[in-house]
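> Sequence:
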Amino acid sequence: MKKIPEEEIARRLALLVEQLEKKNVHCAVLFQNTDRFYYSGTFQDGVLLVRCGGDPVLFVKRTLERAIDESPIRQIVGYEDIGEVYEYIGDHRLHTEKVGMEMDTIPAKFYLGLTKSFPSLNYVDISKDIRSQRSVKSEYEIELMREGGRRLDRVLGLFREEIRPSMTEYDLYGILLELFRREDAILHVRTRSFSMEVLPITILSGSNVARHSSMDSPSGGGAGISVSFPAGPGHRVIEKGDPVLIDMAFNYGGYIIDCTRIFSLGRVDSLLKRAHTVSTHCHEIFLERARDGMPIPDLYREIMEYVEKEGFSEWFMGGVKFIGHGVGLELDEFPVLSEQFRAHIQQGMTIAFEPKFIFEKGGTGYENTYHIRKEDVESLNQFDGSIQSVEG
Numbered sequence: 003m004k005k006i007p008e009e010e011i012a013r014r015l016a017l018l019v020e021q022l023e024k025k026n027v028h029c030a031v032l033f034q035n036t037d038r039f040y041y042s043g044t045f046q047d048g049v050l051l052v053r054c055g056g057d058p059v060l061f062v063k064r065t066l067e068r069a070i071d072e073s074p075i076r077q078i079v080g081y082e083d084i085g086e087v088y089e090y091i092g093d094h095r096l097h098t099e100k101v102g103m104e105m106d107t108i109p110a111k112f113y114l115g116l117t118k119s120f121p122s123l124n125y126v127d128i129s130k131d132i133r134s135q136r137s138v139k140s141e142y143e144i145e146l147m148r149e150g151g152r153r154l155d156r157v158l159g160l161f162r163e164e165i166r167p168s169m170t171e172y173d174l175y176g177i178l179l180e181l182f183r184r185e186d187a188i189l190h191v192r193t194r195s196f197s198m199e200v201l202p203i204t205i206l207s208g209s210n211v212a213r214h215s216s217m218d219s220p221s222g223g224g225a226g227i228s229v230s231f232p233a234g235p236g237h238r239v240i241e242k243g244d245p246v247l248i249d250m251a252f253n254y255g256g257y258i259i260d261c262t263r264i265f266s267l268g269r270v271d272s273l274l275k276r277a278h279t280v281s282t283h284c285h286e287i288f289l290e291r292a293r294d295g296m297p298i299p300d301l302y303r304e305i306m307e308y309v310e311k312e313g314f315s316e317w318f319m320g321g322v323k324f325i326g327h328g329v330g331l332e333l334d335e336f337p338v339l340s341e342q343f344r345a346h347i348q349q350g351m352t353i354a355f356e357p358k359f360i361f362e363k364g365g366t367g368y369e370n371t372y373h374i375r376k377e378d379v380e381s382l383n384q385f386d387g388s389i390q391s392v393e394g
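Numbering (the numbering used here), first residue to last: 3 to 394.
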């Protein structure tokens, strides 16, 4: 398995330390799996201590041998109890200083236990700083995502030839899972939001797309096959003329390409075809306007105004209040393309842009993962975004 280069980890840690110093935070204790992996290069169970003016220390509960093999961090030690980490902080005279933590993900019971056991420490939330840093990708990360996009393009090319009449959504799900596996996709999707659970592939045909569920997504509904996970592909048979919305989170090397395409057996209703054309024009606006420094609320309003002008706002995005989101190691990264997200587009961001329309008879519109460059926007997945009509 490929390891993250030492210079990549060093660059990430240096940027984090820079942010800590700006906030007058003297060290950070990172518990969250993805953050710890991002800064250490290993997913082994542990805690990462990042210090201003000192080398990082990775404390590992399990498995120490793998962590030493996988991470370029030089100081890696085993531990059994979290108290050992805080004893280390106290021994190095950090006990009166500010300690940064990811307060968006740390369990309340664990946090309250820490404040009770170590009351002298002053805890500061640095989760937004970490998420903002991770939203801007390095060339190393971009190349992994480009490769993921190329592999997903191959999957879609093969999948198009597999669709047949009388198949169910769940049949198609099995075919796509196998194609994902052949391309070395990791069949797991990491998210940050509390209690958010996501399948790597969501398939919604015909009226099933209008069956909303618990996930805050325009295409996060569907029938599913159990009330224990009431979303995603079910046993509905694909009928002639059905639009089949397929939303995929293709995880290659840990990095996710988020992509949606529409397939159909035969012709799709004319209203849905018109909506798909509006989606295409939304992508054209994004490609033209998403530049370094563009205020995200301005971009959001511009897209919303265009959709309203075309007469499709009633069905746009299935009622959710965003039109895209950052993507990388996690599916739900910064930025969020919404009116409330007060930030700017930045060079190096990777954004899943998903202008979709949800009708009672089916869904339409498509999603690409884009890389914001200095002069333009690069699509990291290239498979044709038009409705893929398959003769059945």
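What the hints contain is simulated information worked out from the structure, not anything from laboratory work.
Beta carbons: idealized from backbone N, C-alpha and C, even for Gly.
Where hints are given, some of them may not hold.
Claimed, not checked - In silico lysine-lysine, DSS-like type, Cα no more than 27 Å apart, as pairs: (1) K5 <-> K63; (2) K25 <-> K118; (3) K100 <-> K63; (4) K242 <-> K275; (5) K275 <-> K311; (6) K363 <-> K323; (7) K376 <-> K275; (8) K111 <-> K275; (9) K24 <-> K63; (10) K363 <-> K311; (11) K130 <-> K323; (12) K275 <-> K323; (13) K376 <-> K363; (14) K242 <-> K363; (15) K100 <-> K111; (16) K363 <-> K275.
What the hints assert, rightly or not - Restraint-style ranges between C-beta atoms, simulated for each label pair: (17) R156 <-> K25: 39 to 47 Å; (18) E362 <-> S168: 20 to 28 Å; (19) T279 <-> S228: 43 to 51 Å; (20) G56 <-> R291: 51 to 59 Å; (21) A12 <-> N124: 22 to 30 Å; (22) S122 <-> Y172: 28 to 36 Å.
> Now tell me if each hint is right for this structure.
Right, here's what the structure says about each hint:
Simply put, K5 and K63 have alpha-carbon atoms about 20 Å apart, close enough for the 27 Å limit, and the pair holds. Annotation: proposed proximity of K25 to K118 holds, straight-line Cα distance about 24 Å (limit 27 Å). Simply put, K100 and K63 have alpha-carbon atoms about 25 Å apart, close enough for the 27 Å limit, and the pair holds. The straight-line distance between the Cα atoms of K242 and K275 is roughly 15 Å, inside the 27 Å bound, and the hint therefore holds.
For the hint pairing K275 with K311, the CA-to-CA distance comes to about 17 Å; that is within 27 Å, so the pair holds. Taking the CA atoms of K363 and K323, the gap is about 22 Å. The hint holds against a cut of 27 Å. A hinted pair counts as satisfied when its Cα atoms are at most 27 Å apart, and K376 with K275 does not qualify at roughly 34 Å. At most 27 Å may separate the alpha-carbon atoms for a hinted pair to count; K111 and K275 exceed this at roughly 51 Å.
Distance hint between K24 and K63 is unfulfilled; the C-alpha atoms sit about 31 Å from each other, more than 27 Å. As the CA atoms of K363 and K311 are separated by approximately 23 Å, the hinted pair is consistent with the 27 Å bound. With a C-alpha separation of about 20 Å, the suggested pairing of K130 with K323 holds against the 27 Å cut-off. Pair hint K275 plus K323 holds up; C-alpha atoms about 23 Å apart against a cutoff of 27 Å.
Our distance criterion of 27 Å between C-alpha atoms is broken by K376 and K363, whose separation comes to about 41 Å. As the CA atoms of K242 and K363 are separated by approximately 13 Å, the hinted pair is consistent with the 27 Å bound. Note on K100 and K111: the hinted pairing holds, with a Cα-Cα distance of about 20 Å set against a maximum of 27 Å. With a CA separation close to 12 Å, the supplied pair K363 and K275 stays within the 27 Å bound.
Remark: the range hint 39 to 47 Å for R156 to K25 is upheld by a beta-carbon distance near 44 Å. Between E362 and S168 the beta carbons are some 23 Å apart, a value that agrees with the proposed interval 20 to 28 Å. The supplied range of 43 to 51 Å is broken by T279 and S228, whose beta-carbon atoms lie about 37 Å from each other. Taking 51 to 59 Å as the suggested C-beta distance range, the pair G56 and R291 does not conform, at roughly 44 Å.
A hinted range of 22 to 30 Å holds for the C-beta pair A12 and N124, which are about 28 Å apart. Between S122 and Y172 the beta carbon distance is about 55 Å. The supplied range of 28 to 36 Å is therefore violated.
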